[in-house]
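Engineer: Mapping the sequence shown onto the UniProt record's numbering, position 71 (from 1) lands on 71, and the numbers just tick up by one.
Hints may be right or wrong, so weigh each one.
The calculated label-pair distances, taken between Cβ atoms and stated as ranges, are [claimed, not checked]:
1) Ala-115 with Leu-79: 30 to 40 Å
2) Tyr-36 with Lys-99: 19 to 29 Å
3) Lys-104 with Arg-34: 47 to 57 Å
4) Lys-76 with Leu-5: 33 to 43 Å
5) Met-102 with His-17: 23 to 33 Å
6) Phe-69 with Val-13: 11 to 21 Å
7) Ala-21 with Phe-69: 26 to 36 Å
8) Pro-75 with Gly-53: 27 to 37 Å
9) Asp-14 with Ala-115: 39 to 49 Å
10) Gly-19 with Pro-75: 44 to 54 Å
With a straight-line cut-off of 30 Å between C-alpha atoms, the simulated DSBU-like cross-links for lysine-lysine are [stated by the list, open to error]:
11) Lys-89 with Lys-25
12) Lys-31 with Lys-72
13) Lys-89 with Lys-72
14) Lys-37 with Lys-49
15) Lys-103 with Lys-71
16) Lys-31 with Lys-49
17) Lys-31 with Lys-96
18) Lys-76 with Lys-31
19) Lys-71 with Lys-37
20) Lys-96 with Lys-76
21) Lys-112 with Lys-93
Please keep in mind that the hints were generated in silico from the structure rather than gathered at the bench.
Quantities reported herein were computed from a predicted structural model and do not represent experimental measurements.
Note that CB positions come from ideal geometry on N, CA and C, so glycine has one too.
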Amino acid sequence: MTNRLLARRQMVVDVLHPGRATVSKTELREKLARMYKTTPDVVFAFGYKTNFGGGKTTGFALIYDTLDFAKKFEPKYRLVRNGLLTREKTARKQRKERKNRMKKVRGTKKTKVGAGAAKKKE
């Protein structure tokens with residue numbers, strides 16, 4: 001199905017793989033890219049479930065018109081999974097300190113505290 005509003009094609013994908021383990025998502029992305037004459041970086045495959053007994057897997061795929069549209073409309077976690085973004089990892093101690101600072105305030109003030117703007121004055 002073509003979704004012109006989000007500049008992509010979206011489809012349910014049935015993969016038949018008798019006598020073999022589940023097909024990897026990278027392999028699926030490359031195959032879909034060849035089938036639809038595009039590059040694998042604009043293909044997003046997710047939500048795959050293998051039927052009991054194996055042999056058939058069903059999932060979902062999105063193929064964007066350009067990489068810019070993909071970066072605009074895809075959720076950040078899927079961009080990270082596909083290698084288009086890198087996730088900056090904060091230290092464990094920083095995460096814990098932020099959590100404890102946020103526990104001290106309520107409502108919209110949490111965003112200010114979470115951003116690190118509200119520091120203690122000594």
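Engineer: Could you tell me which of the numbered hints above are not met by this structure, giving the numbers in increasing order?
Structural biologist: 1, 2, 4, 5, 10, 15 and 17
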